[in-house]
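As they're listed, the protein sequences go chains A and B. Note that our numbering numbers the first sequence so that position 472 is 472, with each residue one more than the last. Just so we're on the same page, our numbering is the position in the second sequence counted from 1, plus 1000.
There could be a bad hint or two in this list.
[To be verified] Rough simulated footprint, nothing fancy, chain A against chain B, three-plus residues with beta-carbon under 8 Å:
{"hint": "1", "segment": "1018-1025"}
{"hint": "2", "segment": "1042-1051"}
{"hint": "3", "segment": "1061-1069"}
[Claimed, not checked] Label pairs and their in silico Cβ distance ranges:
{"hint": "4", "chain 1": "B", "residue 1": "1024", "chain 2": "A", "residue 2": "147", "range": "30 to 38 Å"}
{"hint": "5", "chain 1": "B", "residue 1": "1008", "chain 2": "A", "residue 2": "321", "range": "52 to 60 Å"}
{"hint": "6", "chain 1": "B", "residue 1": "1008", "chain 2": "A", "residue 2": "240", "range": "40 to 48 Å"}
{"hint": "7", "chain 1": "A", "residue 1": "300", "chain 2": "B", "residue 2": "1053", "range": "16 to 24 Å"}
{"hint": "8", "chain 1": "B", "residue 1": "1008", "chain 2": "A", "residue 2": "142", "range": "29 to 37 Å"}
{"hint": "9", "chain 1": "B", "residue 1": "1028", "chain 2": "A", "residue 2": "442", "range": "16 to 24 Å"}
{"hint": "10", "chain 1": "B", "residue 1": "1049", "chain 2": "A", "residue 2": "468", "range": "26 to 34 Å"}
{"hint": "11", "chain 1": "B", "residue 1": "1049", "chain 2": "A", "residue 2": "467", "range": "42 to 50 Å"}
{"hint": "12", "chain 1": "B", "residue 1": "1008", "chain 2": "A", "residue 2": "442", "range": "13 to 21 Å"}
{"hint": "13", "chain 1": "B", "residue 1": "1053", "chain 2": "A", "residue 2": "209", "range": "35 to 43 Å"}
{"hint": "14", "chain 1": "B", "residue 1": "1039", "chain 2": "A", "residue 2": "147", "range": "41 to 49 Å"}
{"hint": "15", "chain 1": "B", "residue 1": "1031", "chain 2": "A", "residue 2": "471", "range": "20 to 28 Å"}
{"hint": "16", "chain 1": "A", "residue 1": "458", "chain 2": "B", "residue 2": "1053", "range": "42 to 50 Å"}
Source of the hints: derived by calculation from the structure; they are not laboratory data. Only a predicted model underlies this, so the values are computations on that prediction, with no experimental measurement involved. Built from N, CA and C at the ideal position, the CB exists for glycine as well.
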Amino acid sequence: MSDLFDLPFEEEPPEPEPNTPLPASREASPAKATPPARRILSVTELTVRVRDLLETELFEVWVEGELSNCRLWQTGHLYFTLKDESTQIRGIIFRSALRYLKFKPADGVRVVARGKISVYEPKGEYQIVCEHLEPQGLGALQLAFEQLKKRLQAEGLFEASRKRPLPSLPRKIGIVTSLDGAAVRDIVNVLRRRYSNAHLVIRPARVQGEGAAGEIARGLRAIGRVKGVDVVIVGRGGGSIEDLWAFNEEIVARAIAASPVPVISAVGHETDFTIADFVADLRAPTPSAAAELVVSAKDDFCGRIDRLEGRLRGAARTRVQALGRRVHVASGRPAFAGFPARLAMRDRHAGELAHLLARLTRARVTAQGRHVQLLDRQLDAFGVARRLASLRARLAAATGRLGTATTARKHRAAVQLGTCAARLESLSPLAVLGRGYAVAWNADKTRVLRDANVVARGAVIHVTLSRGELTCDVREKRGTEKTESF
Amino acid sequence: MADPSIKDFEAAIAELESIVKKLEEGDLALEPSLALYERGVQLSRFCHARLEEAERRIEILTERGELKAAPPSFGADDDRA
C-alpha cells in the first residue's frame, strides 16, 4: 500500500470508453448518483481548516530534535529549526518563555520541546510554538553552567591576575548569606573561636529559589559600600545543583567581579564548583573554611610581626653588645682609666666632666643593654599575652563566657601595658640621672647640650632631672671660651 | 594608641621591616641604633595594639543600608559586657 502511495501520479487518468454513455454509467452505480455538492474552498478557508485541525489536534506536543538555524530577533523571540535525520519543522519560542530557560538555545543542541502547532496563514506554513525547551544529554542546568562559564572565561573574569589578596587584618568582614542558613552560624562560630575581636557586617540575602541571585548580587553591591569592610564572604551551605543555582547566575558572577574588595566564595561542599567560585578572589569549599581563610591571613600577619620582632631584638642586641665591648675595652685602658684622676689634679671642672663622661658612657651602655632586655621582655609579653588570650578566648567560647573573658583580657592587657611603661621609664638610659646628674637639652629637645656656646642668652633650654623636667631661661653664660672637648 | 607618625598597619610593618634590615646590615653608632630599635618596638607595639583594639561586633546591613546590631542569638553575647 505504501508503495502505491509513493508512486507518482499517472500522467493522465485513463479516458473512459468514448462509447460508454455517461448517464447509463450513473444509473449503473446509484451510490455515485448523488455526489456531494462540490464544495470549493477558498485558500483562506482551507488554511483556516488546516489551522483549526492542527491547532486543536496538536495543542500540546512534546517533540525531540536538534536545534539549528537559531536566530534571535530584535523582538527578543527566537526562531529556529528542529530537525531529525530526515525531516524538520520550524519553531519559535517567544521572549516571554525564552527568559525562563536556564540555558541558551544554540545550534546543535538536542532538545525536547514542548509546545503547540500553529499555522502561519499568510504563508501556509506551520511551526511549533514552544513554551519550553529542555536540553537532552546534559541537564539544562549543567548546560547553562558550561555556557556561562565559557563566556565569562572568555571575558577574562577567571584570570589569576584579577585575584586580589586578602587583607592581613580586615577592619570589618562582610558576609552575604541567608540569616536562616547554617552558613552564617558556621562563619560566626569560627571567627568567634579564632578571631575573637572580629567585626562582622552581615547582609542577609536569600540564597535559593526565585529571586535569590538578584538579592545576592544586590547584597554584594551594598556591602562593598560599607565603610571599613575590606573582605566579603558570600555563600551558603551545600545542596543540590538547583539549590546552589543562584551562585551560577550571571548577575552574581558580575557582582563578585565588580566588588571593590576581595570576595571569598563559600558555596556548598568540597566537590561543588559554582560560577561564583571561579570569579571570586578566593574560593573556600565551605563557609567555615572561608572564615578560616580570613583568620589565617590574620595569623600570617601576626607571624610576620613576631618574626620581625625576633630579628629586631637580635640585631639590636648584637649592635649594643658590639658597641658595649668597644666602650669597655676603651675605658679599661690604663690611659683612659687614669684620665679623670689626672685631670682632676689640674682642672677640677674638666676632671669632673671627664669622670662623668666615663661613668655616663658605661652606665649608658649598661642601661641600654638593660633597656634592650626590657623591651625584649615587653615584646615577649605581647606575644605570650596574645597567645594566652587566644587560648582563653577559645576556652571561654566553649563555655559560653566569652564576654567576661574578653573584658578580663582587656583589663589584663591594660595592666600589663601600664607595668611595661613604668618599667620602660625606670630603665631608660636616663635613669642614671637618679644619681643627681641632669641633662640639658636645647629648646626643641633634639640635642643634648654640651657646650654653652650653642645656646644664646635668653634662650629656653630643658633640663631633665631624675624626676621631672625643667624648662629654663638662660640668664647668663660662662666659660664660653672653652670649646666642647668630648 | 594613636601615633601620628604611623600611618597605618601596612606602613607600620613596612617601616619595621626596613628598620630590622638597617639594624642587621648597617654599622650604625649606638645612638642611632638605639633610636631605631625604639622606633621598631614602637611600631610592633602599634601592630599588636591594632590586633587587639577591635571590638567584637556583629552587625546586620539592612535593605535600607542601615547597620543594626545583630540579635543576641548571633553570638554577640559580649555586646556591652
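Hint-by-hint comparison with the structure:
Restraint check on the segment 1018-1025 of chain B versus chain A: 4 residues with Cβ-Cβ distances below 8 Å, three needed, restraint holds. Chain A is given as covering the segment 1042-1051 of chain B, and this holds because 6 residues of the stretch bring a CB closer than 8 Å to a CB of that chain, at least three being needed. Under a criterion of three residues with beta carbons nearer than 8 Å to beta carbons of chain A, the stated coverage of the segment 1061-1069 of chain B is upheld, 3 such residues being counted. In this structure, residue 1024(B) and residue 147(A) break the distance hint of 30 to 38 Å, their C-beta atoms being roughly 56 Å apart.
Separation of residue 1008(B) from residue 321(A) is about 34 Å and departs from the stated range, judged on CB atoms against 52 to 60 Å. Range check, residue 1008(B) to residue 240(A): Cβ separation about 45 Å, and the 40 to 48 Å hint holds. The hinted window of 16 to 24 Å between residue 300(A) and residue 1053(B) holds, with their beta carbons roughly 19 Å apart. Separation of residue 1008(B) from residue 142(A) is about 46 Å and departs from the stated range, judged on CB atoms against 29 to 37 Å.
Distance hint check: the CB atoms of residue 1028(B) and residue 442(A) are about 23 Å apart, consistent with the given range 16 to 24 Å. Between residue 1049(B) and residue 468(A) the C-beta distance comes to about 28 Å, which sits within the given range of 26 to 34 Å. The beta-carbon spacing between residue 1049(B) and residue 467(A), approximately 28 Å, falls outside the hinted interval of 42 to 50 Å. The beta-carbon spacing between residue 1008(B) and residue 442(A), approximately 32 Å, falls outside the hinted interval of 13 to 21 Å.
A hinted range of 35 to 43 Å for the beta carbons of residue 1053(B) and residue 209(A) is consistent with their spacing of about 41 Å. Range check, residue 1039(B) to residue 147(A): Cβ separation about 58 Å, and the 41 to 49 Å hint is violated. The hinted window of 20 to 28 Å between residue 1031(B) and residue 471(A) holds, with their beta carbons roughly 24 Å apart. The hint said 42 to 50 Å for the Cβ distance between residue 458(A) and residue 1053(B), and at roughly 45 Å that hint holds.
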